[in-house]
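Assembling the complex is the task here: the two chains are given apart, and the hints tell you how they should meet.
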Amino acid sequence: MNQTTTSHQASAPGDYKSDIKPVWCPGCGDFGVVNALAKALAKMSLQPENVGIVSGIGCSSRIPAYMSCYGFHGVHGRALAAGTGLKIARPDLTVIVTGGDGDGYSIGGNHFLHACRRNVDMTYIVMDNRVYGMTKGQASPTTEPDWDSKLSPDGTGLREFLPMVIALASGANFIARGYTGDPNSLAELLVQAVRHPGFSFVEVLSPCITFRPEQLEWKKRVRAGALKPTADMTRATRRLLRDDGFDLGVLYAGSRSPYEPRGPRATKDVSELERRFVL
Amino acid sequence: MTGRMPRSVDDFMACACAMEAEAAERYAELADLMAAHANRDVAGLFAKLAVIEGKHRDQILEQMRWTTAPSSHTFEWETPEAPETTDPGDLHYLMTPHHALKLAEHNEQRAVEFFERFVRARLPAAVRKAAAEMAEEEREHVRLIQEWLAKVPPPERGWDDDPDPPNVAD
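One line per chain: the protein sequences are S and Z, in this order.
Every letter in the first sequence is one number past the one before it in this note's numbering, and letter 242, counting from 1, is 242.
Every letter in the second sequence is one number past the one before it in this note's numbering, and letter 20, counting from 1, is 20.
There's no promise every hint is true.
[Stated by the list, open to error] Subject to a maximum C-alpha distance of 20 Å in a straight line, what follows is the list of computed SDA-like cross-link-like pairs (lysine to any residue):
| id | chain 1 | residue 1 | chain 2 | residue 2 |
| --- | --- | --- | --- | --- |
| 1 | S | 136 | Z | 162 |
| 2 | S | 43 | Z | 81 |
| 3 | S | 21 | Z | 50 |
| 4 | S | 219 | Z | 71 |
| 5 | S | 150 | Z | 167 |
| 6 | S | 43 | Z | 71 |
| 7 | S | 21 | Z | 71 |
Worth flagging that the hints you see were computed from the coordinates, not collected in a lab.
With the rest of the complex left out, here is chain Z (with noise of 0.2 Å):
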């Protein structure tokens, strides 16, 4: 993250409220996305995705008190987007629900990063107390996700075989 680093608890919360709600929005439009290509089981695993994000969007709205999410515009991101969003770069249409797993774990592991870089940052206090908090949410979220992955079979060779692919000029 660049520009005014969060130097209070609300400016560090807004920040996180934007992460969970950058990631929410980004797996509701990989679930469409995913559905528009007939991939049924990664629609679905995005859309429950997009569901859990959105709760843990709210969840920091409760814990706050906010009725809406605060503006995000004193801050910006080192990457690209949000450290918790997909980047779009890594879908295939064939993907399979395990290879959606890895990237929501990536994604998961990504944020647990983000927010240890706060605690170790050169923060008031109760910034730093906050991020230790939201960092051992999100490495909660690893485990929880890695336990999603055991239960799901890794794709089987020759997944992204298409006897029909969309790249082939006519």
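Next comes chain S alone, as it looks inside the complex (with noise of 0.2 Å):
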């Protein structure tokens, strides 16, 4: 994990950012999701020393790395589960963890399920792009069917994983969309999310300008503000019927409480943790 060293108090979005410069394509929609994260905390007043945030494998997992809060990017597909551990070990802290399509609905697929149901109360940003874009353009979960590449030729044939119907139906508290190309609308949700109660969702609209270049038309498909925000589980599953995948803004906002471990805590404090590990 790495040590943030702020000396002084963090208010401005830079100050949430690294020294390390992202290595992303040009135009690649994760800068989107940098900025708005950066502008969320800022807009949070979080010091950099209590945010965690945790990743798994991919371009979007890159991010611990950008931003000057605790970080650690963990192995393809289990970034919840490290973000549930720490959470659970220091419920001080505020947890993010961030991903893309493939780290999250396929190879953690099952840990998204789990993750949903549990509720423990952290926020879990997905970069969808609907491609792996680190290997080279592999179909994800997320790819449309019919989409034709060189390595799955006239489409896979599969249909596309539902996020949003799938983190519903398995009880995440707070279900919302956002788009890079608007980081300041972006960041408004991810301050919603993270001050939700329970287990946030917040899927991102995030383009891979590499290998779906055709995915720059999201600009003018995405609908600022067409999703609101309701308690109603049946509303939701019914205005998800109409979802085509542009639909933004929050589609729920449960009252469901976070999940509490129950008896005493393994772990008093850390300096305890710390003293378990002296040889």
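Put into structure tokens, the structure is as follows:
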């Protein structure tokens, strides 16, 4: 885990960015998430040392390195497991888990279901570009069935994974969709997600302009504010039936109590944990 | 811009200051990005543009006798980002300085149009006067960018040809 070294109170978005420069492709949507996340943290006046950003593997999972908060770049698909452990061990931290559609819905698909079900108080941001970008353009769970590519000629023929449907059915307490081309609105969504108790899931449309250049058209397709928050699961479910994947906003803001571990905490404080590791 | 329209010169200049600050931050980000992709000419150009926009922000701070930029929560942009901020979707890793300057010219023109809307709006005379001055400044920036552009050769045919493109599936 990175050691954060802030010597002053962070208050501007720039204070939440590290000195490591992103190596993403020019035009990658993930830049918008870094900017939105920095703005959201600044808006909430959360100090970097009080925030843990956990990720798995993939282009978008590089985010912890680009932020000045505590960061953990974990194992493929296991970001939610690591984030859950962190939140249970350090409930005082704001835990934000980040990743992509391959990491979160395929390799980590099972963790996604159970993180929604457990409802631990953390925020999961998935940068969905409907492709495995880091490994050069394979179809991911959210890729359209007819997306023709050299690796899947004529498309996979498989129906897409529907993250918001799964999240709602599995018990996520806050569900929203944002778009990286509008980092200011995305920052507002992230603020709401972090502040909402329990497991918050934010699906972010994040174009991969290298392998999916047609996604540049998303800016014409997204509908800002088309999703209106409801605490009624039935209404949210009905709303999803007419969702084409480009409606933005908060779909669901529920009132389930976040998971609280039962019994005494295994570790009382960090110094006790450190003592256990002394050789 | 939606939300509350600026009713005072202070509100209006806070909006102008935020616009310049966002433009400077984005140019700096693009400079780093192009450096990471070994496009040194464009990286250097974006870095210069970041410095220039930063100076514009500082001029506003000095003019208003502000030590720090005021909070920008009183307004929100009508477009997803501020009118002078480069859209990352317009980039290419092999882009030339000419492309970068065309983007800058487009940004400055959008800034002119943005301020001219305030000049025409039903706002206090002092706000419209400040907007007219800002619009004139942005027109001057357009002229300067166009002069700069005239000195930079346009991209050659096949500028985006890459014998080893990143999107080839192995």
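(request) If any of the earlier hints don't hold here, list their numbers in rising order. (result) Hints 4 and 7 contradicted; others consistent.
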